[in-house]
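Asks: Chain residues, written in single-letter form:
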Amino acid sequence: MTAAVEFLNVQRHFGTVKAVDGVDLTIREGAFFAMLGPSGSGKTTCLRLISGFEKPTGGAIRIFGQDVSDVPPNRRNVNTVFQDYALFPHMNVRDNVAYGLMVKGVDRTKRHAKAEEMLSLVKLSGYGDRKPGQLSGGQRQRVALARALVNEPRVLLLDEPLGALDLKLREAMQDELKALQHRLGITFVFVTHDQHEALSMADSLAVFNEGKIAQIGTPEEVYARPATRFVADFVGSSNVLPPDLTRSLGGPARWSSLRPESLRLATGGDAKLTGPVRALRYLGAGTRVVIDAKGTEIAALIPAGQPVPPEGAAAGLTFDAPALHVMEGEK
Amino acid sequence: MTAAVEFLNVQRHFGTVKAVDGVDLTIREGAFFAMLGPSGSGKTTCLRLISGFEKPTGGAIRIFGQDVSDVPPNRRNVNTVFQDYALFPHMNVRDNVAYGLMVKGVDRTKRHAKAEEMLSLVKLSGYGDRKPGQLSGGQRQRVALARALVNEPRVLLLDEPLGALDLKLREAMQDELKALQHRLGITFVFVTHDQHEALSMADSLAVFNEGKIAQIGTPEEVYARPATRFVADFVGSSNVLPPDLTRSLGGPARWSSLRPESLRLATGGDAKLTGPVRALRYLGAGTRVVIDAKGTEIAALIPAGQPVPPEGAAAGLTFDAPALHVMEGEK
Amino acid sequence: MPSEDRPSLGLRLGALGGLLFLHLPILLIFLYAFTTEERSFQFPPPGLTTKWFAVAWFDRPDIWPPLWLSLKVAAIATAVALVLGTLVSAAMSRASFFGREQISLLILLPIALPGVITGMSLRSAFGMMDIPFSVWTIVLGHATFCIVIVYNNAVARFRRLSGGILEASADLGANAFQTFRHILLPNLGSALLAGGMLAFALSFDEVIVTTFTAGTGLESKTLPIWMLDELIRPRQRPVTNVVAIVVFVATFFPILIAYYLTRGGSETAGSGK
Amino acid sequence: QMTAIGAGEGQVDIVAWPGYIERGETDKAFDWVTKFEAATGCKVNVKTANTSDEMVALMNEGGFDLVTASGDASLRLVSGGRVQPINVDLIPSWGTVDDRLKSAPWHTVDGVHYGVPYMWGPNVLMYNTEVFKEAPTSWNVVFEEMTLPDGKSNKGRVQAYDGPIHVADAAQYLMAHKPELGITSPYELNEDQYKAALDLLRQQRELTSRYWHDAFIQIDDFKNEGVVASGSWPFQVNLLKADGQPIASTIPSEGATGWADTTMMHVDAAHPNCAYMWMEHTLSSNLQSDLAVWFGANPSVPAACTDGRGMSTAESCTANGMDDFEKIRFWTTPVSKCSQGECVPYYRWVSDYIGVIGGR
Amino acid sequence: MTTQAILPERGLPDRLTATFWRRPRLLLVLLLTPPLLWLGVVYLGSLAALLWQSFYSIDEFSGMVVPEFTLKTYAELFRPSNLDIIIRTVGMSAAVTLGCAVLAFPIAYYAARYARGRWKAVFYLGIMLPLWSSYLVKVYAWKLILAKEGIIGWAATGMGLGGVLDAVLAIPVIGGNSLSTSYIGTFLVFVYVWLPYMILPMQAALERVPTSMLEASADLGASRSQTFRTVILPLAMPGVIAGSIFTFSLTLGDYIIPSIIGNSANFIGMAVYQFQGTAGNIPLAAAFAVVPILIMLVYLTLARRAGAFDAL
Ligand SMILES: Nc1ncnc2c1ncn2[C@@H]1O[C@H](COP(=O)(O)OP(=O)(O)OP(=O)(O)O)[C@@H](O)[C@H]1O
Ligand SMILES: Nc1ncnc2c1ncn2[C@@H]1O[C@H](COP(=O)(O)OP(=O)(O)OP(=O)(O)O)[C@@H](O)[C@H]1O
Ligand SMILES: [Mg+2]
Ligand SMILES: [Mg+2]
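As you go down the protein sequences, you meet chains A, B, C, D and E in turn. If you're matching positions, the first sequence starts at 1007 in the working numbering and goes up one per residue. If you're matching positions, the second sequence starts at 1007 in the working numbering and goes up one per residue. If you're matching positions, the third sequence starts at 22 in the working numbering and goes up one per residue. If you're matching positions, the fourth sequence starts at 3 in the working numbering and goes up one per residue. If you're matching positions, the fifth sequence starts at 510 in the working numbering and goes up one per residue.
The set of hints was computed from the structure by calculation and includes no laboratory data. Each hint can be trusted.
Covered by chain B, per the in silico footprint, the following chain A stretches (three or more residues, Cβ under 8 Å):
#	segment
1	1192-1201
2	1241-1248
3	1266-1277
4	1280-1291
5	1299-1312
The list that follows gives simulated cross-link-like pairs (lysine-lysine, DSS-like), each with its CA atoms no further than 30 Å apart:
#	chain 1	residue 1	chain 2	residue 2
6	B	K1174	A	K1300
7	A	K1024	E	K629
8	B	K1137	E	K629
9	A	K1061	E	K629
10	D	K30	D	K225
11	B	K1174	A	K1218
12	B	K1174	A	K1184
13	A	K1120	A	K1184
14	B	K1174	A	K1278
15	B	K1024	A	K1137
16	D	K30	C	K72
17	B	K1137	A	K1024
18	B	K1174	A	K1024
19	E	K581	D	K339
20	C	K93	D	K45
21	A	K1300	B	K1184
22	A	K1110	A	K1184
23	C	K93	D	K49
24	B	K1300	A	K1184
25	A	K1110	A	K1129
26	A	K1129	B	K1300
27	C	K72	D	K225
28	A	K1300	B	K1129
29	D	K197	E	K581
30	D	K243	C	K72
If we take Cβ atoms under 10 Å as the criterion, some of the chain C residues that face chain D in the derived model are:
#	residue
31	E58
32	E59
33	R60
34	F62
35	Q63
36	D83
37	G148
38	P153
39	F154
40	D250
Glycine is no exception: its CB is placed at the ideal position from the N, C-alpha and C atoms.
With the hints as constraints, model all of the structure from the sequences given.
Replies: Below you can see the structure in the form of structure tokens.
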């Protein structure tokens, strides 16, 4: 199976700003690939390199094995769902969706039929005559999706498509997107800075930091075995333990991470970490308890229903040995 | 102790739109009060009724016991942190913060000293000379906060102040806000549509739906004992069980709710709910498993580390009897 | 467009050609300020001289009264337009009210209807009401079409100004006047400046309405009317060119400054969002 | 009607043809205003008008004391009641006025004088001497398509006056070339004669690239537009000659129309005393003499040709056609009641001429 | 905490603020009264006065207005030669508007999309400065450019293109003896003087077209020209219409240009000016004035529907 998208040491510098700085990447066909990273880490630039709106200043990009350095955006069979949707305000929904076919010269009835099909795919049949201005955020998002899918692209790029939606709608759209990708089998490349979204949707993800890839792998790998402190911290709010603390807990003298949910309150003498409770945060499904273990703040997630020590009281935490993950990426 | 803010059957109708439709509400002094609800449910309108930018079409509002129907916004000692911050673009940060004092006629040196004090409170000392355009989102947010606090308001209103920030920054600001309120002892009224935020920050919250209050109480009350299906569904993604299913599980023939985290995989014959696995979602701290229990989709949150059944396999779920909550608000 | 997108050759030629088209006649005006001919021009000019600048400065006292009058009329008309234009735009930027559409049409009318009509109707109204021609009748005509210029600039700025900052000001304890003084005016300022400049320019160069609303005496001869008289009655014709280019050069820097002010203004006003 | 002249009001507002009232600004030698202002304290404000119609309109609107009205305007002003009778007894120099003009019908109605004669002259044929080595002898060079002496067609190289009174020029041409129409006066045309004149004008439209109503634009056109022949005023001829252009003028064999202008006084003149003083000044000063040279026209005071008060001489007056008075058919307003019985009135001339220029 | 929940009222400004707050309509009325008095009473009043006069007529011989109600003047308006004037003017206005749009587009597009930093300032000045140099002097400069022995003729002869110029001038109707005496010349000068009025709103509209819209179009497979036709042009349309309000109305009413450049055929502006000023036929002038008023009202209604008012 060829890779859908390959980056070979790709660079994109803007003057002195190294937006993308030596990225190697392989996205396999049919993947739901997420790009995760803080603001300004180069995610959007990577996406624009794939769609052709940016050209690499170094390295090469291949789409389905073919070098695309000379292929302009309109000739790449890659479509994008833009963050702000970028729907054409002067066209109705149907014409927006049919746009990609119109510019190809497909005749009116055919393209309208296809547009209707796409609209029903995103559950918007009957909205064809509305203008984008008359739709809600979630509906616009789905129109943008339908519009990007009408050309049957082999790769669909999505730049934070859910960023502007509210939580409820966002969760619903996450499910829909996931289902859609499943059904169509197209390669999805999905940019987000929301780690929950990346973890729950992707089957493979790259964590970006300052124009470089900090880690690449499945959500489980990235979450449970972060390669660096940055990843541990960014993907879920992990506890990062310095080398001496790691060693005192039985590990090597290296940086390690410990997920809050793998910690529990110690009963009796099995406490591995002790200290006063610094903060309590009720999260519904549980309570986040932060203790101060000799200068290092350690957070633990106590499931709902269990007793929680009051703020200021001394508490002890324990965990199962395998939960302590030593980060290879850090010296 | 008098109530900081009281709503007595307050209504605000815009033509036929009943933005606020008979709200009774008491916010006690010193509370961190959250207003939670879907888009368009009337949260912002309630806030604007307190600050005076909207006038009730019915009912009365009292601030510290005094009826405010004739008091214009500039005379209410209530300040607002606006969702888009609404910083004055032509003034530098210091003048922005000192604005409230300037219009009161406080002299230059005094108000600048006070502004610096406020800036150090929000950890922005040294930023006084910048223009708002030169700040990042999180910094702007803190300037807006400092500006609203400079007048020492007795009530601080915050309209989705964290909506525009990214997740990492948002969590940090949540902690800061909480700490600040603790320190100042001012009444905070906080609008959000993010249930996690409301649950973790407020000590009292009101859930809005269509201009009415669906439930009011502490986060624990609202989360664990939702009054209606709407609340159960909106505050955390609860499973809502219809009357017959409730009865088959040993409850009365009423609607009930069951939190995903109170469900666990049945080992052996203790399964209370059985059905095929419909969907799996990896969430880092755990996996969300959805089974189809005779037509009702039931989600369970399986903590990380435990084995998860594959999609399509039959699975059984169980729970402790007290977890089944019968909703009084529904017939 | 992709960030490396370059304008096509055709576009560049079109844009450049267009700008040249706009400026070639102006070069010609410059050239003929130096011609040696006195009455009517022919091409190419038979000779070049700088004497017309001296003539305009020393020998032509008749230039100054029209120049001052035009400056005065344009200044007053702009001031009136600034006040009225700001008032309507403030009203129009508020929530909708009955008659809003009609008012926007009404504001637009003086610029959308040809100047002859504005001029002629004002003239016949003056005639009916026995209002004698004066500086004020000229101002009246000019202010009428200047309002829309100010209005357009101000209303666009109002639209961009997030309503939030006005509420924020009230929220922080400012009364309506303090809000106007400290928040509205500074943010509207550059838009008003741009609108005012354009209004001033229009008024300063207006002939058509003015011919109807100005009397016939010397005391109501604005600079454009003076030029019209000069042009249809050529004596020392290069002097008109001298006056034209002096005005042109004198306005170069104000326009440039206004550009930078309004540009900066739009950026800061946008950042409130 | 005034019976005595009082003190001047300090100013007088006059509607005049361009070039009629000079104060030495165009040419230092030609100034007949400054001394008047110094002597009487009446400041002279001039509003120039380019056509008779414009003059009538300005007078109808009011705000002026005097107007230098041509014959095609004067009677309209009288019948409209816009001008007042003149008390010639208050004008000491009245007696010096040319007898041929004293009671001319264009300003005297029922024996009442409505003005003081100002100046008269022919509408000459102006031509380019490089094209016409010899003066053209007929108006046909502007009415008929033909090859001019330089071998090129006259199409696009001739002009005509942009005023309805130009219909009379066409009628006069027809008087000579189509006697069968029986035109006796170019200002009194019955329907057939009028139609023939319009047809001729339509033919002329084909030749004319632009009509002139502004003397200075006509000057520009002779310089830059390649115009070589046109009906014109001596004024343009003189200016172009002074500029060194190859220009001359002639009165062709068909004769010429002409204008005889009268200074008339508005009924509501705000400065009547200054107005009377000005009227007297027009007759007694250097005005008649210098204006005659300046404009290439003839003074209303014959003595001005010879008494040396200005630049005119007996020769210059003869050259301007002082003796051709009888050959010139002066502009008068066409009215429906005429010697032929029923004639086409002026308002139809106005609208039809607009139509002709518009190509209809 | 010591501060009060409700602050005391401080003086008149606070009291007025409270009044405005209690009665928002009052503020609106206060804001609108002065401009509406000015525009509604002075301007509309004058227009009404003018229109009223179109129902008077004129005494044909003396030229005095007869203040009696009649439709005679309107009958006169529909005389063929007057209809010619209307058609000629509207045709010219439409052509000038089109010409301005075509010429303005590259300038506005370049200024909006590509000009950055200093070039942006150059474009701004380049567009604004001509507005500041006297309209009359510019028109007379054009007379010299277009004259038979003017610059274009001189340049054409110099470059051996005299034949081309003659061929252009030989085009029936719009041609003529020289550029300055033909409709082509009138058209050119009109386009020239009104061009900035088209560029400004057009540029503003183009600047509002988001880049992502153009990228979306390219992303969906559209070529540059397809993007131009299907996205840029429709989105810039309100700006074009807004500009056309100016160019159309300015051409419709101008009387100076056609009386200096062109073949002496009347335009509405000239006719109005002549009937009113020269001929003193105010009723007919007023009747003529009704024509552009009606045309512009229809035009404005259509423009508002197209959303052009927001683009002004
Ligand atoms: N056209 C450009 N010119 C100059 N710098 C640019 C350009 N585009 C992007 N950058 C810079 O490159 C870096 C990476 O930008 P990019 O948009 O790829 O980040 P991102 O990861 O998408 O961030 P976000 O989550 O905020 O969208 C940033 O520092 C940005 O300022
Ligand atoms: N000025 C107004 N005129 C008309 N309707 C209004 C106005 N302000 C609010 N509404 C309507 O009132 C309802 C409640 O609006 P509100 O802004 O209070 O909702 P919200 O809960 O703050 O929603 P969101 O989370 O989207 O901010 C909405 O339907 C809204 O459209
Ligand atoms: Mg991005
Ligand atoms: Mg809201």
